[in-house]
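A.B. asks: From first to last, the protein sequence lines stand for chains A and B. Taking numbering that gives the first Met the number 0, the leading residue of the first sequence gets 0, the next gets one more, and so forth. Taking numbering that gives the first Met the number 0, the leading residue of the second sequence gets 0, the next gets one more, and so forth.
A couple of the hints might just be wrong.
Dumping the calculated DSSO-like pairs for lysine-lysine here, alpha-carbon to alpha-carbon at most 27 Å [to be verified]:
1) B:241 x B:105
2) A:278 x B:231
3) B:105 x A:276
Since the hints were derived computationally from the structure, they do not count as laboratory data.
Below are the chains, spelled out letter by letter.
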Amino acid sequence: MPKVSMPKVSVVDETVPAMTGRERVLAALGRLPVDRTPVCNPTSVATVELMDLVDAPFPAANRDPELMARLAATGYTELGFDTIMPVFSIIQESSALGCSIQWEQKDNWPTVRMNQPIWKTADDVHIPTDVLAHPDMRCVLDAIAILKREYGDEVAIVGKTMGPWSLGYHCFGVEPFLLMTLDDPDQTKAILDRLKKITIDFGVAQIEAGADALTLPDHATGDLVSGEYYERYLRDLHIEFAQAIPIPLILHICGRTVDRMEYIAQTGMAAFHYDSKNKPAESMEIIGDRISLVGNINNPETLFSKGPEVVREEVYGNLEAGVPLVGPECAIPLQTSIENLREIPLAVRDWHREKDQAQTEPAGSNEPSRPAN
Amino acid sequence: MAELTDIQNEDIRYEIEEYLERDEEIERNIELFARVSPGMQDLAAALIEGDNGAVDQMTRDALEKGIEATEIMDDGLIAGMGIVGIKFRENFIFVPEVLACARAMKAGMTHIEPILSASGVKPVGKVIMGTVKGDLHDIGKNLCAMMLRGSGFEVIDLGVDTSPDDFIDAVEEHGANLLGMSALLTTTMPNMAKTVEAFIDADLRDEVQIMVGGAPVTQEFADDMGADGYGKDALACVSLAKELIGAKA
Numbered sequence: 000m001p002k003v004s005m006p007k008v009s010v011v012d013e014t015v016p017a018m019t020g021r022e023r024v025l026a027a028l029g030r031l032p033v034d035r036t037p038v039c040n041p042t043s044v045a046t047v048e049l050m051d052l053v054d055a056p057f058p059a060a061n062r063d064p065e066l067m068a069r070l071a072a073t074g075y076t077e078l079g080f081d082t083i084m085p086v087f088s089i090i091q092e093s094s095a096l097g098c099s100i101q102w103e104q105k106d107n108w109p110t111v112r113m114n115q116p117i118w119k120t121a122d123d124v125h126i127p128t129d130v131l132a133h134p135d136m137r138c139v140l141d142a143i144a145i146l147k148r149e150y151g152d153e154v155a156i157v158g159k160t161m162g163p164w165s166l167g168y169h170c171f172g173v174e175p176f177l178l179m180t181l182d183d184p185d186q187t188k189a190i191l192d193r194l195k196k197i198t199i200d201f202g203v204a205q206i207e208a209g210a211d212a213l214t215l216p217d218h219a220t221g222d223l224v225s226g227e228y229y230e231r232y233l234r235d236l237h238i239e240f241a242q243a244i245p246i247p248l249i250l251h252i253c254g255r256t257v258d259r260m261e262y263i264a265q266t267g268m269a270a271f272h273y274d275s276k277n278k279p280a281e282s283m284e285i286i287g288d289r290i291s292l293v294g295n296i297n298n299p300e301t302l303f304s305k306g307p308e309v310v311r312e313e314v315y316g317n318l319e320a321g322v323p324l325v326g327p328e329c330a331i332p333l334q335t336s337i338e339n340l341r342e343i344p345l346a347v348r349d350w351h352r353e354k355d356q357a358q359t360e361p362a363g364s365n366e367p368s369r370p371a372n
Numbered sequence: 000m001a002e003l004t005d006i007q008n009e010d011i012r013y014e015i016e017e018y019l020e021r022d023e024e025i026e027r028n029i030e031l032f033a034r035v036s037p038g039m040q041d042l043a044a045a046l047i048e049g050d051n052g053a054v055d056q057m058t059r060d061a062l063e064k065g066i067e068a069t070e071i072m073d074d075g076l077i078a079g080m081g082i083v084g085i086k087f088r089e090n091f092i093f094v095p096e097v098l099a100c101a102r103a104m105k106a107g108m109t110h111i112e113p114i115l116s117a118s119g120v121k122p123v124g125k126v127i128m129g130t131v132k133g134d135l136h137d138i139g140k141n142l143c144a145m146m147l148r149g150s151g152f153e154v155i156d157l158g159v160d161t162s163p164d165d166f167i168d169a170v171e172e173h174g175a176n177l178l179g180m181s182a183l184l185t186t187t188m189p190n191m192a193k194t195v196e197a198f199i200d201a202d203l204r205d206e207v208q209i210m211v212g213g214a215p216v217t218q219e220f221a222d223d224m225g226a227d228g229y230g231k232d233a234l235a236c237v238s239l240a241k242e243l244i245g246a247k248a
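Looking at chain B on its own, in the form it has when it is part of the complex (with noise of 0.2 Å):
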């Protein structure tokens, strides 16, 4: 069992020390970092710091050392974003600080992704994500997307202002099997319900798992409109996306 000592960098054992309180994640970041490179530790804390040019800078210097673009994406900058992920769950950042943390992260991401897609890894899911007619707030469903694209998902973000039609045909089109509706508004709320039906109506209900959030949507109120779970933030998501993946499969 490896001890917080075994990791060489001193910000991610601060970062450790300091913000994390559950017990089995601080068990499970421990194992984590302590098994992971000290140069993707270094990566590791400058995306948690938000620092996106030395994360685009160390993305790249360790691809020309011949580093594993999965094992910068992984071990460097999904590890990282875990961290910031619970540092906002728990109210130690807000989202000033995710958006330049998740600026590092597509930074790095940037020189990522082309490799992984034309090397042929296959996504751990295919998500539609997309805020509901007649909302034009996105700032929550982009974090979502980023995370969960940094958690290996391939997601297809249709932007605001998302028809119910919308979201069926990219469904149909990408053959996705994860549909994430965000509204921030009372008022579009309903439209989250009423894409819910359309793909009743449209006999597309059981090939998609449905996921909503959004602040003022409730589990209850996902619960009465028939979605498949609701998440409160972009960790959440995460965790949802992964869940109603595994409860799928």
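This is chain A alone, in the form it adopts within the complex (with noise of 0.2 Å):
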């Protein structure tokens, strides 16, 4: 792997003016100087705490848009993250496409029943034509206008489209479609084509509802395939998604991703969500200033284990190394708390204070250490 400088992005600017959480978001995005660094996560922030918080429980908070919508804006309200995500799940898509759903209840997301497929081959796929309509995907469209309304101008409003590759898994089971990568490229291949057309649709249907960016989550994830997988059946596809959908994407995939991180910066996505079991700085040196790096806040073994002080480790580990949007790395566990979750948004403005403060003594920063509530 070439080794390149260490990257441009991250460009804090202590002479750019103050920020709204959605300059700055769409900033970083596009690799732009920020009066901070982004605190944002890209996929779900929703907690049993916050369920609580503003009576908008799982599973109806999955299904009902003004639910969603209410759960969601706690990532603002209550957390004080420059973004809004209001997919908690990635179920929305598979759903409408007639996948059997276990919604679970308060304490768990909702998950497809991947023993029971859908499809077996590539002729089975059908995208309904009215597949925007679905009750399903109407909630996340409804939730994000309803969010604009009340947040647009404050906040990035960040929606979800899932990847062709992660609806494989859901419609025609995990193991099935894997087999099928090895027994017949080609079908999946034309799985993957067909496919696509609800990851464009859907994410151009929520840019009319007033989404300011997508994630794009495709579970091509180290745990289950090779970056030459992600090379031989996805970059192409994502670089058409880059081009298709006319706003920042960003490309979420978990587990170990170094891999594959060359040919993701190669997609022209604006940013990638990735996880902790990749280094801040080894993944920096990979992307470089080609793309964005969002994350990769530790879930299980910090935001959902440990306390404030390790989380603040991690982020600064993280502004450190130069990336340009902190957060958690996935989806954040449902019993994960509050205080945890504040602590990212408190250590980001920590971290630059400091800084400020390093370079320019006696001078202190002009943002105070609190969430933006």
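Both chains are given apart, each in its own frame, so use the hints to dock them into the complex.
C.D. replies: As structure tokens, then:
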């Protein structure tokens, strides 16, 4: 892997006037100067505590746009993040395509019953013409419209449209789909090609509803497939998405991904949401200034299990490495404490203030160390 | 002491030379494959290639020639899966390739298992496996179950979305001394701890060794919940299961 010089991203510029969260996120996604590093969760910040706080519990908050918007807004109003992300799960499209969904209760995300696949071959792939009118798709679009109306000037509203690889798991079952990638690469490519329509159409619909940026999860994770698989099956499709969807896209892939970051950096996506299995510095070295990184505070060991001081250490680690947008590595565990999540924006502000003070003693930061609410 | 050149099958020699890096694993596999018959070397090579059709045919042919079912399983299928497990652990291959090898293993075991059952061969141990309550992901658990079966364990697979009560009922019903739990979601990881607590409440914790695994699970998390062991992957799961059985014996 060729080494690149340390990137020019994370261009925190003291001369940049104070920004709104929306301006800050969009600037960072565009690799433009920012007043401070934005705090962003491109997946989900929903927790049981937040559900109770605003009376918007799962599973209803995944299916009712008012509840979805109310719970999502807490990412800004209660936690002080610069983004609001209303799509807490990864099942809306699959539900609309006909997959059986286990909607679960307040303490768990809904999941596709992947042991009940709906398709077997590429010929089975059928995207209904009215798929955007499905209640689970409409819910997202209506929630985004609500959030845009109420918070659109303040924070970035981030939507989510699933990539075809993830939809392949849902619709064909994980094992059959992965075996097909070996047994019949042409059919696999045909499936991905047919599924891309729903990725683009849902993404564009969310833009029309008011989304400022979109997360595009496509779980070609290092826990399952190789970096070479990403290059073979997904890089060109992701280039196509970056060209077809006219707002910043944040690609999300869990797990160890350094072996595919070079390919990801070639896609033209605005950003890559990366996992804590990848070190910030090694990831920045590969990605360079070609796209932005978002992440990568560890979920199970840090946000879920540890206290604010460990959260702060990881935030500082990302900032020191020059990661342009800081946030949890993935959808946070639903039992994560609000205190730990609030620590992320607090730590970001403190880090910048310490840097400012170090450069211009005795001047201090203009921004107090507290959540945005 | 055997040499690599003592192994007749060229593909097996290549696998050992190209993919095995730990000295003890190189030595063990050279000893193993130098000892087994050329036919079993070919069977192992077909399994490593993930060629289920060839494994199916070669297993039937071997049985027809009068080769013992245990020899086919140990020297062909399990020996091949040993190399597959190492390649997976070292990231030379990934889940699709392992699934293909598992499919080949299953093609062979379909002919072997009825013979072993009829002959009354005792399993190494009995393991209850399941993905915890609220979690529908099973690929890692399935790979562990397959590797355990291939290593001589009897596996009772409870599938996905398994409640603590279901785990307890299965351990009691089957008299199992090992339990393996898997979780892929951070939301469902706490259900592992709840299951451990349920075994304590049922006064059965001392009767069963509990193993945990899954992408977000760590050794630290396993220790905190009071599990007896954590396996990073299917190969580690087998080693752990053998260790726990030994520890208990």
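A.B. asks: Residue 105 of chain B and residue 276 of chain A: Cα distance at most 27 Å?
C.D. replies: violated, 33 Å
A.B. asks: Residue 278 of chain A and residue 231 of chain B: Cα distance at most 27 Å?
C.D. replies: holds, 19 Å
A.B. asks: Has the given pair, residue 241 of chain B with residue 105 of chain B, been kept, meaning a C-alpha gap of at most 27 Å?
C.D. replies: Given that 27 Å is the threshold and the Cα spacing comes to 21 Å, the pair holds.
Going down the numbered hints, you'll see the structure goes against just number 3.
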